[in-house]
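Starting from the given sequences, assemble the full structure and let the hints guide the process.
The residues making up each chain are set out below.
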Amino acid sequence: MSSSDLFNLSTFAYIAAMIAYLSYLVFRKNGIGLVATGITILGFLAQTAAIVVRWQESYIQWMRFSPDTSFLLAVSRSAPLRNLYESLVFFIWSMIIIYLIIEFVYKNRSLGAFVTPIAGLALAFIEMSGMSKDISPLVPALQSNWLIAHVLISFFGYGAFAVSYATANMHLILETDDKKSPSHIFWAFTFAAFLWCLLIMMAKMSMYPPVISPDGREVPGTPPASFWFAGAAVYFVLVGLVYRFGLSLKKVFRFFALSTDVLDDITYKAIAVGFPLLSLGIITGAIWADSAWGTYWSWDPKETWSLITWFVYALYLHSRLMRGWKGRKTAVLSLIGFISVIFTYLGVNLLLSGLHSYGGG
Amino acid sequence: MTTQKNQSLPDRIWKFFASVTLAIILIAALALTSIVGTIIEQNAGYEKNIKVLSTFVGESLAPAAYKLFDALGFMNMYHSWWFLTLLSLFALNLTICSIDRLPRIWKLVTDPMIPLKENVLRNLGIRKEFAVSAPAEQVQEVTQKVLKSHGFTSGTSQEDEGASQVYGQKGSYSRLGVYVVHASILIIFVGAIIGGMFGFKGGLNLPEGESSEVVYQYGSGNQIPLGFAVKCNWYETEFYGGSDQPKLFKSELSVFENGQEVLRKWIRVNDPLVYKGVTFYQSSYGPISSPREGFFVFTATTPGATGETVWARKNQPFQIPGTDIQATVVDFSPALTTNRQSGQLFTYTSSMNNPAVKMQFTRNGEPVLKPGWIWKRYPQTGKLAEGITLEFNHYWGAQFTGLQVRKDPGVWLVYLGCTLMSIALFVAFFMSHKKVWVRVVPDRKQTKILLGASAHKNRHSFEKAVDKMVSEMIGKSEGGNQ
Chain V
1 MSSSDLFNLS
11 TFAYIAAMIA
21 YLSYLVFRKN
31 GIGLVATGIT
41 ILGFLAQTAA
51 IVVRWQESYI
61 QWMRFSPDTS
71 FLLAVSRSAP
81 LRNLYESLVF
91 FIWSMIIIYL
101 IIEFVYKNRS
111 LGAFVTPIAG
121 LALAFIEMSG
131 MSKDISPLVP
141 ALQSNWLIAH
151 VLISFFGYGA
161 FAVSYATANM
171 HLILETDDKK
181 SPSHIFWAFT
191 FAAFLWCLLI
201 MMAKMSMYPP
211 VISPDGREVP
221 GTPPASFWFA
231 GAAVYFVLVG
241 LVYRFGLSLK
251 KVFRFFALST
261 DVLDDITYKA
271 IAVGFPLLSL
281 GIITGAIWAD
291 SAWGTYWSWD
301 PKETWSLITW
311 FVYALYLHSR
321 LMRGWKGRKT
331 AVLSLIGFIS
341 VIFTYLGVNL
351 LLSGLHSYGG
361 G
Chain R
1 MTTQKNQSLP
11 DRIWKFFASV
21 TLAIILIAAL
31 ALTSIVGTII
41 EQNAGYEKNI
51 KVLSTFVGES
61 LAPAAYKLFD
71 ALGFMNMYHS
81 WWFLTLLSLF
91 ALNLTICSID
101 RLPRIWKLVT
111 DPMIPLKENV
121 LRNLGIRKEF
131 AVSAPAEQVQ
141 EVTQKVLKSH
151 GFTSGTSQED
161 EGASQVYGQK
171 GSYSRLGVYV
181 VHASILIIFV
191 GAIIGGMFGF
201 KGGLNLPEGE
211 SSEVVYQYGS
221 GNQIPLGFAV
231 KCNWYETEFY
241 GGSDQPKLFK
251 SELSVFENGQ
261 EVLRKWIRVN
271 DPLVYKGVTF
281 YQSSYGPISS
291 PREGFFVFTA
301 TTPGATGETV
311 WARKNQPFQI
321 PGTDIQATVV
331 DFSPALTTNR
341 QSGQLFTYTS
351 SMNNPAVKMQ
361 FTRNGEPVLK
371 PGWIWKRYPQ
381 TGKLAEGITL
391 EFNHYWGAQF
401 TGLQVRKDPG
411 VWLVYLGCTL
421 MSIALFVAFF
431 MSHKKVWVRV
441 VPDRKQTKIL
451 LGASAHKNRH
461 SFEKAVDKMV
471 SEMIGKSEGG
481 NQ
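From first to last, the protein sequence lines stand for chains V and R.
The opening position of the first sequence corresponds to residue 1 in this note's numbering, with each subsequent residue numbered one higher.
The opening position of the second sequence corresponds to residue 1 in this note's numbering, with each subsequent residue numbered one higher.
Please note: incorrect hints may appear among the correct ones.
[As the list claims (entries may be wrong)] Calculated cross-link-like contacts (lysine to aspartate or glutamate; reagent style DMTMM-like; alpha-carbon spacing at most 25 Å):
{"id": "1", "chain 1": "V", "residue 1": "K107", "chain 2": "R", "residue 2": "D467"}
{"id": "2", "chain 1": "R", "residue 1": "K407", "chain 2": "V", "residue 2": "D300"}
{"id": "3", "chain 1": "R", "residue 1": "K265", "chain 2": "V", "residue 2": "D68"}
{"id": "4", "chain 1": "R", "residue 1": "K67", "chain 2": "V", "residue 2": "D300"}
{"id": "5", "chain 1": "V", "residue 1": "K269", "chain 2": "R", "residue 2": "E463"}
{"id": "6", "chain 1": "R", "residue 1": "K51", "chain 2": "V", "residue 2": "D300"}
{"id": "7", "chain 1": "R", "residue 1": "K468", "chain 2": "V", "residue 2": "D68"}
{"id": "8", "chain 1": "R", "residue 1": "K247", "chain 2": "V", "residue 2": "D134"}
{"id": "9", "chain 1": "R", "residue 1": "K407", "chain 2": "R", "residue 2": "E213"}
{"id": "10", "chain 1": "V", "residue 1": "K269", "chain 2": "V", "residue 2": "D68"}
{"id": "11", "chain 1": "R", "residue 1": "K247", "chain 2": "V", "residue 2": "D68"}
{"id": "12", "chain 1": "R", "residue 1": "K464", "chain 2": "V", "residue 2": "D264"}
{"id": "13", "chain 1": "V", "residue 1": "K133", "chain 2": "R", "residue 2": "D244"}
{"id": "14", "chain 1": "R", "residue 1": "K464", "chain 2": "V", "residue 2": "E103"}
{"id": "15", "chain 1": "R", "residue 1": "K457", "chain 2": "V", "residue 2": "D264"}
{"id": "16", "chain 1": "V", "residue 1": "K329", "chain 2": "V", "residue 2": "D265"}
{"id": "17", "chain 1": "R", "residue 1": "K67", "chain 2": "R", "residue 2": "E47"}
{"id": "18", "chain 1": "R", "residue 1": "K314", "chain 2": "R", "residue 2": "E210"}
Since the hints were derived computationally from the structure, they do not count as laboratory data.
Below is the structure:
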């Protein structure tokens, strides 16, 4: 099977798993739960195989251009972590593995109904967008052994934060009774921002695809101002939709066996895993920048946003551990943290410029 | 924070800087203000940021907004007085807050364990009560062994009525993890300050064949003497296969001390040259702005010569080694390609992506072979008649290599801080100070056991470990009895 067949298989599996998880929540039959987990694992394996096949393809390409490379070096240089498409696929892969670990440790499947649709829809989105799926050889700046360490660590961190976002958002929804309450309005704005980022990225990718400059660099497309005005309008429509229909999610959650305490606990644990990983991601990035450009820190937008994210989660940890904040307050901080993650990962490339131009649109 | 009347001013200042509230305010302030510098491009110059500002406030207001932002330091905000003040306050807060808490934590780390009264034991977070059919002394011995095998220190004390208590702890130093994280941030700060004060960051554009004893500081443009000379022998961009996608930017540099070559190295992105604390990074390249004549470098393989290198100038005939043929470079293109429709040759970019030379050949003044273009990218175009191959390798002396030059005597501290932080974060989040007390009471033929345990973090996972220890205690006590 080719890697794109395997990707499609995993997309279908994640969407099927979503249906299975939802029916598990409705019927509460253990058998259905096992099926849901099984399908997710199947999708995960298919996605893993797809990544491996892609890796192998780019290994062959690398060896064609540089036949005298050692096996290990060629494997490391052909890791499929080079462009936005590959990084998004890997992001989803890390999210699923972190979810599976949590399901195993907590023996609770409720979160699956949340995570699998995100994974399935995002993969489908990526497939349909005009994003380049070419296997492109590695640009000189990315030819470093730090690439794999930096990306792997950062993405496991992002995956952990994604889980904390899901649980914190569920927490806020469960605690909200009234549309007019600040926390409902708040999560409507943040959830809309999350959806908006995905939508606008796909729109920009398909309508204004990146062009290759004469010296071989991929230059992001430049949409006109009207694109951004339309984008802003779309954002407010999304906010309105989430605001209007968000509370009905609560009815769905009634099926969930999750208490706000358990959600709070998972949120904290996920951040406790994500924070050291984020720190390591920043550190490996700094060391890499130092060996490539001679500056471990240059305040470029990507670096700065990763630091802002770090500050937000540091705030979460200090307010919770030292000030004893719990519940709604820390859930809000966790939401801000994840919006900051999404901005670091996608927003910077989408809206701002910087050294990290490879991974973005 | 409650301020008491009898507090002295230094006390109150200390309390202020030791407070978590201040930490939360400072972290939030740093996070929020940092956003500004990611939207306004830093050190980008007037033109660029005026454009950005116009989209937000309109063209008429943009100059005024620029003036205001410039006065606020937004154009170079991470080095502005107020951002540096925020960072200093953050460092001060971090230091005082840690010093303030350290004595208490140190006591928790170093205090020896003492046996607990039964009622205190019953109030601990983790409690297990069970009985085994084995004598108390044996149970006591087994308990000590189990604790030890799980990495606990262990002590025993006797109580009245034949009861005894075995207790142990581990991971007490993990309580310090978070303070090491704090210290590592300060170490990184110190490293950055040392680098800023005693180091420099500059650039140098070196044309092929030229050398320099100075570099130019970023921002100010000031000359900084190196104390030695650095020379660029060769610059080259390699491309992937037949494409224009760069695979490698590389330069061969030489270091000269008193006219003597002491070091020579090929540098590339991610692989710099280091000499006497100064590091040279491959950062850019380009054509030399004032056009000057360089050398065309060929490799000739003929019936009379194998792989001989020839350096030639434009319009100056040279003899192909091992033959009696004179060759002349009559034209050069940095990037020559064929128009698909018309079939005509044209130069598609000024950067040296696909260089080619147009050759003419004569023997005794008579034109021989076929005149035409030889491409660097396509060595087969250099296959001439009569078994002569003339490979075009390089147009030397027409490009410069752009070097980033850095001296940073503080960078090792930054690396030390980063290493410490990585280890300490792991300790702080995934290790905890764990304590176990086991009260052993003989009860006729049985022995009753009350176990109490605590962990200052991650209690859930510790409880699982305790369950395992309990089953080991039961198994080993009763198993030893049979």
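Outcome of the hint check:
1. K107(V) with D467(R): Between K107(V) and D467(R) the Cα gap is close to 18 Å, so the pair holds against 25 Å.
2. K407(R) with D300(V): Holds, because 20 Å separates the two Cα atoms, which is no more than 25 Å.
3. K265(R) with D68(V): Status holds; Cα separation ~20 Å.
4. K67(R) with D300(V): 23 Å, holds
5. K269(V) with E463(R): 16 Å, holds
6. K51(R) with D300(V): Distance ~19 Å between K51(R) and D300(V) Cα, so the pair holds.
7. K468(R) with D68(V): 53 Å, violated
8. K247(R) with D134(V): Holds, at about 16 Å.
9. K407(R) with E213(R): 15 Å, holds
10. K269(V) with D68(V): Given that 25 Å is the threshold and the Cα spacing comes to 46 Å, the pair is violated.
11. K247(R) with D68(V): Given that 25 Å is the threshold and the Cα spacing comes to 14 Å, the pair holds.
12. K464(R) with D264(V): 21 Å, holds
13. K133(V) with D244(R): 19 Å, holds
14. K464(R) with E103(V): 17 Å, holds
15. K457(R) with D264(V): 16 Å, holds
16. K329(V) with D265(V): 14 Å, holds
17. K67(R) with E47(R): 13 Å, holds
18. K314(R) with E210(R): The given pair, whose Cα atoms are some 20 Å apart, holds under the 25 Å limit.
Figure legend: structure checked against the earlier numbered hints; hints not met, in rising order: 7, 10.
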